[in-house]
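Chemist: Residues per chain are reported as follows:
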Amino acid sequence: MSLRSRLEELRISMKPRIKEWKFMLMRIRQNSLALTGLVIILAFVTIAALSPVLAPPNPMDPFKIPRDAEINVLTPNPTPPTIKHIFGTTDQQYDLYYACIWGTITAFRTGLTVVGISLIIGLLVGTVAAYYGGLLDEVLMRFTDIIIAFPGLVLAMALVIAFPAKVPINISMIALVLFAIVSFMLLVVRPSKKLLLVVQAFLILSVLSIFFFPFSLDLTLSRLDKVLIAITLVGWPGYTRVIRGEVLRVKNEDYVEASRASGSSDFGVIIRHIWPNTVYPLLIVATLDIGSIVLSAAALSFLGIGADPDYADWGQIIQRSSPWINRPTELVANFHTFVIPGVFITFFVMGWNLLGDALRDVLDPTLRRR
Amino acid sequence: MSQKTLVEVKDLTVNFYTYAGVVEALDGVNVSLREGEILGLVGETGSGKSVTSLSVMMLVPPPGRIEGGSIYLETSSDEKDVLLMDDSTLRSMRGKDISMIFQEPRAYLNPVYNVEDQIGEILLVHRKPEFLKNAVASLENKKKSRTFEANNYRRMLRSPKSLSTRFLQRFGSKKNLKAEVRKEVVKVLKSVEIPDPDRVADMYPHELSGGMAQRVLIAMALACNPKVLIADEPTTNLDVTVQAQILNLVRQLKKDYNSSILYITHDLGVVAQLCDRVAVMYAGNVVETGDVFEIFSGALHPYTRALLESIPRPGQGFRSIPGIVPSLIEPISGCRFRDRCAYAMEICQKVKPPFVELKKGHFAACYLYGGSQ
Amino acid sequence: MSYLLQVRNLKKHFPIAGGVLKRSVASVKAVDGVTLDVLKGECFGLVGESGCGKTTLGKTVLRLYKPSMGHIFFGAPNDAVSEITNLEATNPKSRRLRRLREQYDISMYRGRDLLLLRRKMQIVYQDPTTSLDPRMLVKDIVGEPLIAQGIAKGEEAKKMVVEMLDRVGLSERALYRFAHEFSGGQRQRVAIARALVSRPDFVILDEPTSAVDVSVRAQLLNLFTDLQKEYGLTYMFISHDLSIVECISHRVAIMYLGKIVEYSTTEEIFQKPLHPYSQALIASVPVPDPSQRKERAPLTGEVPSPVDPPVGCRFHPRCPLAMSVCKQKEPLLIDAGNQHYVACYAVNRENS
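As they're listed, the protein sequences go chains A, B and C. This note's numbering puts the first sequence at residues 681 to 1050. This note's numbering puts the second sequence at residues 1187 to 1559. This note's numbering puts the third sequence at residues 58 to 409.
Because the hints were derived from the structure by calculation, they are not lab data. Even for Gly, the Cβ is constructed at its ideal location relative to N, Cα and C. Don't take every hint at face value.
Think about it this way: if two alpha-carbon atoms lie no more than 30 Å apart in a straight line, the pair counts; the simulated BS3-like pairs of lysine-lysine are [as the list claims (entries may be wrong)]:
no., chain 1, residue 1, chain 2, residue 2
1, C, Lys123, B, Lys1440
2, B, Lys1376, C, Lys351
3, B, Lys1373, B, Lys1328
4, B, Lys1373, C, Lys351
5, B, Lys1360, B, Lys1314
Only some residues are given here: those of chain B computed to face chain C with a beta carbon under 10 Å [unchecked claim]:
no., residue
6, Ser1324
7, Gly1397
8, Ala1430
9, Asn1434
10, Arg1437
11, Leu1439
12, His1452
13, Pro1500
Extracted from the complex, chain A is given alone in its bound form:
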């Protein structure tokens, strides 16, 4: 089959789905709150995309906020907005405008990577637990419960302090970890002959790699990265529970059984039937979560455990105003140092929340109605 006919086939197949999406978009357009959320997020995306233009980047590292050396000589105290510094400066003369603009990229990075990875982990664990049930389900769910009980804040602090900045990653180490996961899954899934061959080849390769690739790569983790790892490690159980509930509901539907009667393997059933029908509530939770993750990261930065002191991050720049919490006059006088980044955070979180609510309204009733 030629490439052109395959593309043509794809185009025709997508048409009815596009029609469905258009219907959904129309419903979003009718809901004014949803529209507001969408507009806010799009505005932030524009800011993030245009940040090199809006705020010329620091040549060394764009995420280091520039300090105004001249004024710093005169006074380290924050200055109100002027033409040179549009939002003013904060303690040690860090430019607020730059921090807020480049902080947008940081916010997106934080939210999307944490939610993305948590989503994947939660999806896999939840699907396996719900689909196979029995002892595996019990074990995985108890493990998830333990993770939920874990104090995220404490873990974040511990990781920031104790985790080394440079982490040596060995290829054989990765291979061993993957081997552990794969053998665990083999206990559960009954693989076809093809899959068995692949796994065997992979195991042999990984064992051999210890001899052929003795070097290791160094992974540099900034403080923010460690915080993100910490949040991810405690954040994925929420998704597990959502997807597990959905998979349990869908698992017993007739069409799943019909698919098995047609000869699909477990993997085929999950990919073709279970995931397309269960992933939507997960997306809604993820959208709502992005806002809350950014808020948590900002809170951690404010407590001093987050990004490095001169990193362009909203929470971090607010942290610079923490000395005046007890001093009301200075607090009021320098309100621009925390109100402006605060406004950015508020709108960002609100935008995602509105979008998530809108998705929930749009996706569920439409599905039920259909």
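Use these hints to put chains B and C onto chain A, whose structure you have.
Modeler: Relative to chain A, chains B and C alone:
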């Protein structure tokens, strides 16, 4: 069977305003139910039989709206046209003058209340003074006429809406009232032939089988002795042996209480076994109404005839009606059956046939029998 | 006369978990010892009320459930089946028995054998709304068996799908639509197309017309008959609607609480039902003739729970002919003459 008409639906029009367009669910429906008869309302999915019955009780859910016609109901209030009744009249009418039972009995029973509570709720809504009087009388018999409980009951009888009554009734037990209600619940359960009614009264809906749940629903519907009962496919989801029992029960109830029943179904066998008269609906219209023997031996409307012919008979192959039910979103001119009718004429495409009496008590809407001027 | 499907003493029990540690406290004996044969090319009707186990029997035969006990022989030659039955009685541990069973007894199939079996046995479900994935295009729904079993891919698969859709009465435009855009009858046609696209020999029809409009039922049933003739299919038609079964099946079996109580040709069953339950069941069907009205319901009481079936003959608590032996031992299916099998002491005593 007297000739008194208890329910008269004339020219009823109901539209549903949906995202996809306006669905003309009922287009001038005429149904009448006489005292002491069982009228079978027959039709396929989408014919409008459920909407008709819901309209009689003003329970049509949005986006549905009644757009025209009149519904006359013999009630104990002054207002006889249901469409003009106000909310409080409607509330007092539902359950007392007319009740309804539905297809899936367990969906219409609240899962967190047991049978006694659910039947008791209806009894208390409509017949509370009666139970209060009985409770007071039983307390007097036990020589406890001066207690707080008895006075509470007397207060509730005298001035049920006053603030002091409503405040004071929260204190003190209502044991005797509950006992009176339970006695009536057991009596009602016995009348629907439920074995061991005392035990069933304490059961929850999930503990009941399909047949038992349907009997409980019938008991609830009959608890306040309504004159009219609407049954919307109550046996469709039940096993055939249980269906036979329920049909028998319905026949018995009609005999004992002279109830008038509007029985909705799509099963012509049930109609033949149970009903006195039949009304056939198609795509939002009543196409034929008549006595059950006349309909089965000599149906007039082509749709009715086609339905009777499609009953499976061994050795014959399955006969179906060609075509599909028309969509009610795009209004169709003329007779709605015209695209599937073997006898369609030119006028059938243009003007809707009037619903006229062709023989005594036998109505039909078809140009085959004249009226094409 | 070759038998396509032979079931011997099939049992399927579902354990009920209870208690703190979720041990199995009891089991739902959905199918409790069923033996029957289905001839090649016939339509075998399976009738019963809710809780009798007919759907479970169909799905177990299809290997959607693993049987708790018993044998299912699909496409096995008669002498192999009789040899297995003999060896079971005489030499249960013989290696030949094990080899024969591995070859013919599909209750033991796994992996690749099971996948090949799926090509030959298919099912059409009762409710077309839930049996079709609401998020898949018709093209993918009907094409899934081809891909899952590796029969065809891409363009070739699409051609087979179009051909099948045409055969069930749907146009090519249906390919790129979602299932919910169609009416109930059309959805059921999609389900039929899916079942037949891999050209199976045996199709289980699990109440295929119950969830569909009365006017569409006849069209679907005629379609079933036509397809059976054209493709040489063998059907197991499961239904609680006796009038349909009477018109479409060649032979009928009546089930009650996990066991078959009577089976024979359609004519024999409906003209001369012998088992008291069959008689009550057939008498309960409302006759569409107002001059034939019954005064009493033929059967009182309700079906007991399959968790705790009555000891002895399962029907004895409701049976008007119950004797003392009925309460102690289960009756066996015995030929009461003319290949008409009944499991009832009262009936068989009359005949013997």
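Chemist: Does each hint fit the structure? Answer for all of them.
Modeler: These are the hints, each one checked on the structure:
The suggested pairing of C:Lys123 with B:Lys1440 is violated, with an alpha-carbon distance near 50 Å, which exceeds 30 Å. About 23 Å separates the Cα atoms of B:Lys1376 and C:Lys351, which keeps this hinted pair within 30 Å; it holds. The hinted pair formed by B:Lys1373 and B:Lys1328 meets the criterion: a straight-line CA distance of about 23 Å does not exceed 30 Å. Between the alpha carbons of B:Lys1373 and C:Lys351 the distance comes to roughly 27 Å, so the proposed pair stays at or under 30 Å and holds.
With a CA separation close to 13 Å, the supplied pair B:Lys1360 and B:Lys1314 stays within the 30 Å bound. A distance limit of 10 Å between C-beta atoms decides the matter here; for B:Ser1324 the minimum to chain C is near 36 Å, and the interface restraint is violated. Because the closest C-beta pair between B:Gly1397 and chain C is about 6 Å apart, less than 10 Å, the hint holds. Contact between B:Ala1430 and chain C, as hinted, is supported at the beta carbon level, the nearest pair being about 4 Å apart and thus within 10 Å.
Annotation: B:Asn1434 was flagged as interfacial toward chain C, and the flag holds, the nearest CB pair being 5 Å apart, inside 10 Å. Contact between B:Arg1437 and chain C, as hinted, is supported at the beta carbon level, the nearest pair being about 8 Å apart and thus within 10 Å. A cut of 10 Å between beta carbons decides the hint on B:Leu1439: the least distance to chain C is about 14 Å, and the hint is violated. Residue-level restraint check for B:His1452 holds (minimum Cβ-Cβ distance to chain C is 5 Å; threshold 10 Å).
The interface hint given for B:Pro1500 holds, since its Cβ lies 5 Å from the closest Cβ of chain C, which is under the 10 Å cut-off.
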